[in-house]
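Sequences listed follow chains A and B, in order. The C-terminal position of the first sequence is numbered 461 in the working numbering, with every residue numbered one higher than the one before it. The C-terminal position of the second sequence is numbered 461 in the working numbering, with every residue numbered one higher than the one before it.
Among the hints, erroneous ones may be present.
Which copy? The list can't say, so a pair holds if one copy fits it or any two copies do.
[To be verified] Taking lysine-lysine pairs in the DSS-like style, the calculated list, with each CA pair at most 30 angstroms apart, reads: (1) Lys453 / Lys301; (2) Lys453 / Lys259; (3) Lys454 / Lys259; (4) Lys397 / Lys198.
Since the hints were derived computationally from the structure, they do not count as laboratory data.
Number of protein chains: 2
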Amino acid sequence: MSNERGATPGGTTHHLVPATPETVHWGYFSRSLKPVLSVHSGDLVTIETLTHHAYDDHERMIAGDRGAEAVFLWTRDKKNVDRRGAGPLDASIHGRGAGEGFGVHICTGPIFVEGAEPGDVLEVRILDVKPRGSANPAFSGLAFGSNAAAWWGFHYNDLLTEPKPREVITIYEIDASGERNWARAVYHYRWVPQIDPFGVVHKTIDYPGVPVDHSLVTENHGILKGIRVPVRPHFGVIALAPKEAEFVDTIPPGYFGGNIDDWRIGKGAVMYYPVVVPGGLFSVGDPHASQGDSELCGTAIECSLTGTFQLIVHKRDTLAGTPLAGLDYPLLETGDEWVLHGFSFANYLAELGDKAQSEIFAKSSLDGAMRDAFRKMRRFLMTTRGLSEDEAISLMSVAVDFGVTQVVDGNWGVHAILKKALFDERK
Amino acid sequence: MSNERGATPGGTTHHLVPATPETVHWGYFSRSLKPVLSVHSGDLVTIETLTHHAYDDHERMIAGDRGAEAVFLWTRDKKNVDRRGAGPLDASIHGRGAGEGFGVHICTGPIFVEGAEPGDVLEVRILDVKPRGSANPAFSGLAFGSNAAAWWGFHYNDLLTEPKPREVITIYEIDASGERNWARAVYHYRWVPQIDPFGVVHKTIDYPGVPVDHSLVTENHGILKGIRVPVRPHFGVIALAPKEAEFVDTIPPGYFGGNIDDWRIGKGAVMYYPVVVPGGLFSVGDPHASQGDSELCGTAIECSLTGTFQLIVHKRDTLAGTPLAGLDYPLLETGDEWVLHGFSFANYLAELGDKAQSEIFAKSSLDGAMRDAFRKMRRFLMTTRGLSEDEAISLMSVAVDFGVTQVVDGNWGVHAILKKALFDERK
Numbered sequence: 035m036s037n038e039r040g041a042t043p044g045g046t047t048h049h050l051v052p053a054t055p056e057t058v059h060w061g062y063f064s065r066s067l068k069p070v071l072s073v074h075s076g077d078l079v080t081i082e083t084l085t086h087h088a089y090d091d092h093e094r095m096i097a098g099d100r101g102a103e104a105v106f107l108w109t110r111d112k113k114n115v116d117r118r119g120a121g122p123l124d125a126s127i128h129g130r131g132a133g134e135g136f137g138v139h140i141c142t143g144p145i146f147v148e149g150a151e152p153g154d155v156l157e158v159r160i161l162d163v164k165p166r167g168s169a170n171p172a173f174s175g176l177a178f179g180s181n182a183a184a185w186w187g188f189h190y191n192d193l194l195t196e197p198k199p200r201e202v203i204t205i206y207e208i209d210a211s212g213e214r215n216w217a218r219a220v221y222h223y224r225w226v227p228q229i230d231p232f233g234v235v236h237k238t239i240d241y242p243g244v245p246v247d248h249s250l251v252t253e254n255h256g257i258l259k260g261i262r263v264p265v266r267p268h269f270g271v272i273a274l275a276p277k278e279a280e281f282v283d284t285i286p287p288g289y290f291g292g293n294i295d296d297w298r299i300g301k302g303a304v305m306y307y308p309v310v311v312p313g314g315l316f317s318v319g320d321p322h323a324s325q326g327d328s329e330l331c332g333t334a335i336e337c338s339l340t341g342t343f344q345l346i347v348h349k350r351d352t353l354a355g356t357p358l359a360g361l362d363y364p365l366l367e368t369g370d371e372w373v374l375h376g377f378s379f380a381n382y383l384a385e386l387g388d389k390a391q392s393e394i395f396a397k398s399s400l401d402g403a404m405r406d407a408f409r410k411m412r413r414f415l416m417t418t419r420g421l422s423e424d425e426a427i428s429l430m431s432v433a434v435d436f437g438v439t440q441v442v443d444g445n446w447g448v449h450a451i452l453k454k455a456l457f458d459e460r461k
Numbered sequence: 035m036s037n038e039r040g041a042t043p044g045g046t047t048h049h050l051v052p053a054t055p056e057t058v059h060w061g062y063f064s065r066s067l068k069p070v071l072s073v074h075s076g077d078l079v080t081i082e083t084l085t086h087h088a089y090d091d092h093e094r095m096i097a098g099d100r101g102a103e104a105v106f107l108w109t110r111d112k113k114n115v116d117r118r119g120a121g122p123l124d125a126s127i128h129g130r131g132a133g134e135g136f137g138v139h140i141c142t143g144p145i146f147v148e149g150a151e152p153g154d155v156l157e158v159r160i161l162d163v164k165p166r167g168s169a170n171p172a173f174s175g176l177a178f179g180s181n182a183a184a185w186w187g188f189h190y191n192d193l194l195t196e197p198k199p200r201e202v203i204t205i206y207e208i209d210a211s212g213e214r215n216w217a218r219a220v221y222h223y224r225w226v227p228q229i230d231p232f233g234v235v236h237k238t239i240d241y242p243g244v245p246v247d248h249s250l251v252t253e254n255h256g257i258l259k260g261i262r263v264p265v266r267p268h269f270g271v272i273a274l275a276p277k278e279a280e281f282v283d284t285i286p287p288g289y290f291g292g293n294i295d296d297w298r299i300g301k302g303a304v305m306y307y308p309v310v311v312p313g314g315l316f317s318v319g320d321p322h323a324s325q326g327d328s329e330l331c332g333t334a335i336e337c338s339l340t341g342t343f344q345l346i347v348h349k350r351d352t353l354a355g356t357p358l359a360g361l362d363y364p365l366l367e368t369g370d371e372w373v374l375h376g377f378s379f380a381n382y383l384a385e386l387g388d389k390a391q392s393e394i395f396a397k398s399s400l401d402g403a404m405r406d407a408f409r410k411m412r413r414f415l416m417t418t419r420g421l422s423e424d425e426a427i428s429l430m431s432v433a434v435d436f437g438v439t440q441v442v443d444g445n446w447g448v449h450a451i452l453k454k455a456l457f458d459e460r461k
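Make a model of the complete structure from these sequences and hints.
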């Protein structure tokens, strides 16, 4: 689908969406959100995204950064972005805070795409991804990210060493210029109870953006010595608004995209999403400097990034006979591959009923995600390549690679990778 | 562990083990098998392996091939290799045939490695892998493999099109010289009931090596047109003998290796296995021309191969401080990576009790395999790199990739890939 049209042809409008308290929504998707911008199909948009883990190290990731300071501002008297999550504003379930942290990602948007209607497909070309450098002069030229080994991680109830359980924050450093292609660990600390500005005690990492008081934690420097983590900048969350509920937790991914957490969704990648609400309502967040397949401990290197995207509407009646025919899930195209995303439940919001948003966390399974990825790849091969079911199944067994996308987002993920070179039809 | 010692230093003995009825055991591992060869640590061994699917196309994969003809010989009066599987010789459970097909792979060996004792580690260097060309002059220069979409496949009870269910054999062709690096499909056919030479009817593919009567099946040619499957020659099964039972089904992999079905176990790879019986009792089988991660439909391109291996014993008291310290599972090293193999049950033979060999098929799960792969990688990083648990867990989340090895072998597999470049300690 990546035709040869240039990324910045004459006449294309290039928008900028900075991250401010007014341009972000925190921890939820909603079909009812007022768009922060309206664009035409083909327009370019540069979008600032902030990691919701920036307050794990205020000095490195917030201090001096006007946008980040404003979004994270939270004093006894003022909390610039109050709702954080899809839960109740009065925090009547757990008392964690507005929105209850049922959803954690700071998302920039939504952007209304003119002409995008239910049944259409939105193509999202990721033209560029840049780290957001530290605004603190002490860290000039560097960017930072936080990796939280948290209570929702796959490891949490399966630790070897004391104290058990525990949460650990590791701060990583990367080169803000992007020239150095690896990250290194700077230090780590154990989470200890933090009292937020409104007086709520957070014994665990149960609410996003809680200011971490570094006088209470012990920083251990000199960790992971000599180890270079390859940088794979990407967006954990790219979503269109789902239609099933008014407020949707950003954590479980689904047919609408969201928190897929596939590190392949970086510069040069093209994503395709089914549009289910007018204008699509496109949002981006959860920026990552790097992640391994599985995102084992619950997070990646959570690092603010700025991306440049081109948004292109494919109308419903143009899809037949293309790889987008019948698309009802998030599809990734890279130069060499098609990557299909399966989940424990393809559409948990519809499949799990009224309690879907809590039930999904009790029903996480790679087995279901493998099943979904298999079915999607079979359909893709049959629909877009005209293979019979028997041809598709044989080809999947001998040439398609299935991998673990993530085991930490409720609706666990398995992706299936189809190499385009299989179809190089040299006779 | 790959030191610089040449593969063929002076003084090293190079053995050849052809595949004959006398040098293979079919469908089972056993600590009690008489070795077909005894070698010294460091010796080279060229080993012929036969795919147990060769009779899916006798003309292309058996005819004219003395070794294959002898191993597969089965007439009303004579069955050269009677036992096929770990089941009873009198087939008193299902009546399928001797060994009941509880285990299907033709394994060449076992080879006794002098000086290998319980507690040691056997290093297996795969120096070369070559396809076994068709011996039929009509197919000169070609080699063939069979892909069976079978009743044990992940897809089998989840088919879209009629007739349901069904089994389908697809025959693939590769270049026997190895110059062309892709396979293509030749034709496929649906399995129809086959009567074996002893008169047993096989409605499904329930016993290995049943002669397929091509007058009963319909060959569909011209399938998967123009599609080139990248060749990844490798051995699905490399095993040392397990100690827990007298006869062990070759299908579920485990701590002893066996049917791991990881396509990375090909030329240039180095495998490490814990030795648990005297001499190790090394066997190789289940040769594959190619496979995708998951081996979705139940098989790869099952294609006879000949491998050249170097076998090196690492004594128990030399392991401390090396990547082999405490090794109790099959570990893969390539030039760039360490690949650790997790299973639904790390040692199903010990964990599942007396009925382990049947229970394991009822307890297949990727979730368990992911858990096992996580634990193994954590231990590997802590033991061999001296990382703390917190360092190991963070690194796994940001830099280790977990993938689906197979979902068809009872004891399902997830592998974890650790890039050696992480540890390039340039300061």
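Cross-check of the supplied hints:
Taking the closest pair of Cα atoms, lysine 453 and lysine 301 come within 30 angstroms of each other both inside a single copy (18 angstroms) and across two copies (22 angstroms). In the homo-oligomer, the alpha carbons of lysine 453 and lysine 259 lie at most 30 angstroms apart only across protomers (16 angstroms), although the nearest pairing inside one protomer, at 36 angstroms, exceeds that limit. Proximity of lysine 454 to lysine 259 under the C-alpha cut-off of 30 angstroms is restricted to the inter-copy arrangement: shortest distance 15 angstroms between copies versus 39 angstroms within a copy. In this assembly of identical chains, the alpha carbons of lysine 397 and lysine 198 lie at most 30 angstroms apart whether taken from the same copy (25 angstroms) or from different copies (29 angstroms).
This entry satisfies every hint, going by the numbered hints stated previously.
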